[in-house]
Amino acid sequence: MDLALSVTKRSGLNSRQIQDAAFRTATRLFAFGVLILLGGVVVALAAGARPAFEKFGWYFLVSDAWNPVKDNFGALPAIYGTIVTSAIAMLVGIPLAFGIAVFLTELCEPHLRRPIGTLIELLAAIPSIIYGIWGLFVVAPVLQHTVQPALIQILGPLPIIGALFAGPPFGLGMLTAGVILGFMVLPFIASVTRDVFLTVPPMLRESAYGVGATTSEVIRHIVLPYTRVGVIGGIMLGLGRALGETMAVTFVIGNAHRIKASLLAPGTTISATLANEFTEAVSDMYTASLFALGFILFVITFIVLAAAKLMLLRLDQRAAK
Amino acid sequence: MTLYQRRRAGNVVALTLSWVATGIGLLILFLVLWTLLRNGLPALGSDLFTKPTPPPGGRGGIGNAIYGSVVMTAVATLVGTPVGVLTGTYLAEFGRGSRIAPVVRFVNDILLSAPSIIIGLFVYELMVVRMGHFSAWAGSVALAIIVVPVVVRTTEDMLMLVPGSLREAAIALGAPQWKVIVSVIYRAALQGMLTGVMLAVARIAGETAPLLFTAFNNQFWSTNMNGPMANLPYVIFQFALSPYADWQVLAWGGAMLITLAILMLNIVARLLTSWSNRTL
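These protein sequence lines map, in sequence, to chains A and B. To convert, count from 1 in the first sequence and add 19; that's the working numbering. To convert, count from 1 in the second sequence and add 545; that's the working numbering.
Note that these hints are calculated values from the structure, not bench results.
Simulated restraints, written as ranges between beta carbons of each label pair:
{"#": "1", "chain 1": "A", "residue 1": "Arg35", "chain 2": "B", "residue 2": "Met705", "range": "20 to 30 Å"}
{"#": "2", "chain 1": "B", "residue 1": "Pro601", "chain 2": "A", "residue 2": "Pro87", "range": "23 to 33 Å"}
{"#": "3", "chain 1": "B", "residue 1": "Met705", "chain 2": "A", "residue 2": "Leu329", "range": "17 to 27 Å"}
A virtual CB, placed ideally from N, CA and C, is assigned to each residue, including glycine.
All chains, please: the whole structure from these sequences, using the hints.
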């Protein structure tokens, strides 16, 4: 009797342990799945890109050829366009995002903080393609008829800078794509910046006000030095987004595989090239070259996003101390 | 000007710029919405929802694209959510002190912001090349891959918010750990996890880039998951860039529908979070 009881007890315990172990293993398997997913992406892109890298080698990175008829491809115009549009996006997005973060943490009435913060975050929810269609039909004409002629007239005659604003105002081109991208990454940078601004201990802020500092001085001398790593992390996060953003850019970049000094000229980016040409690529080398572009984009964004993540992690660790 | 006046003036300038920046941010949101409503409302009508995409000059709607988007979003959510929830559970409940958890968290955060067109390329190589044709399955898988990191992130965050005393109480009653998690912790975090799923749906509903090389597009009303299927983002892309006025009207109609749906999802998700934070 005693024996039977202890046996059932033990088997009950065992099946419970088995159930627990099974559940834990299942969750761990899926967690590994996330790692495998990333590995799979790298392997698949590399496999697809191999013929192009084998044929062109490192020259692929610096060649500006894009000739589907002769099967001769190079990544430079697309890489150049990706970097230039992202740089413009940062010039547009960072000051706006920074201003919004300052407004939300320092100036805004407390009961308006949440609604206004939410509205800004909703900007991030609007799909890329909507920014594209809006950029094409609303922003591009405005830039073409008012902003670009003014830029050409005022900055065009200047030495060096003038080359950036040479040529006719197309409306579609690097500048328009960069501006739209700037609007798109603004909410990402703004919300990270606001969050890291809020990690500044109130004591620091209040002491600065106590010795008579103005709000802008508190931000420049107290808040910014304290949160520098986090702010840069937020900016890198926005940059990672801008580099890989596809549809909005595809609508307004103009799709030209050329490197022009002028920001007003049409160009292309890696993602826009993929979106436009992938389903139309007829030869195997064409497809492989597009895969190679995708691989390059993945490597660039991975580095930027990883750096952003590490910076934000460092801030978290400091906050935890 | 005295130093004091200069500092005051500098402060006023800086703060005014900050006001202006916020104004510009809000203005962009309202301009986008206003443009969508102004151009999209004329497209509204029963045809928009019930008729398939027309040839140029013909009458029609975007019913097939709405259907395709809903189906692929649903399949992607059904596939991606369990994967995300289990991974998030691992990170929050079992990953403490393990060496693999920080790596998974890091990789997940990178996948969260990785360019979606790369996911499209990956699924193209994985499924489309092997199957030999575009398919709605491939599109759903591409979208599911985007769902996973969003759900992982919110699940982990929400499980971490559940007080440890709740876990301890359940374990003290003799419940096995999996039961504690499934019937106590999940229940406590349900609203937050639901929010995560809604945000994931909102995210993929408008994704275009991963569908370009996977689900592709279909001019006809197709319910075959094994073939190319129409979807709203692709139709908006194709019709907006076309020279035909009636196609462009349909594109605006689709753009308006998709944006309003996504913004609604986001607002409801936020209300859910603030409500659940209050009750916790």
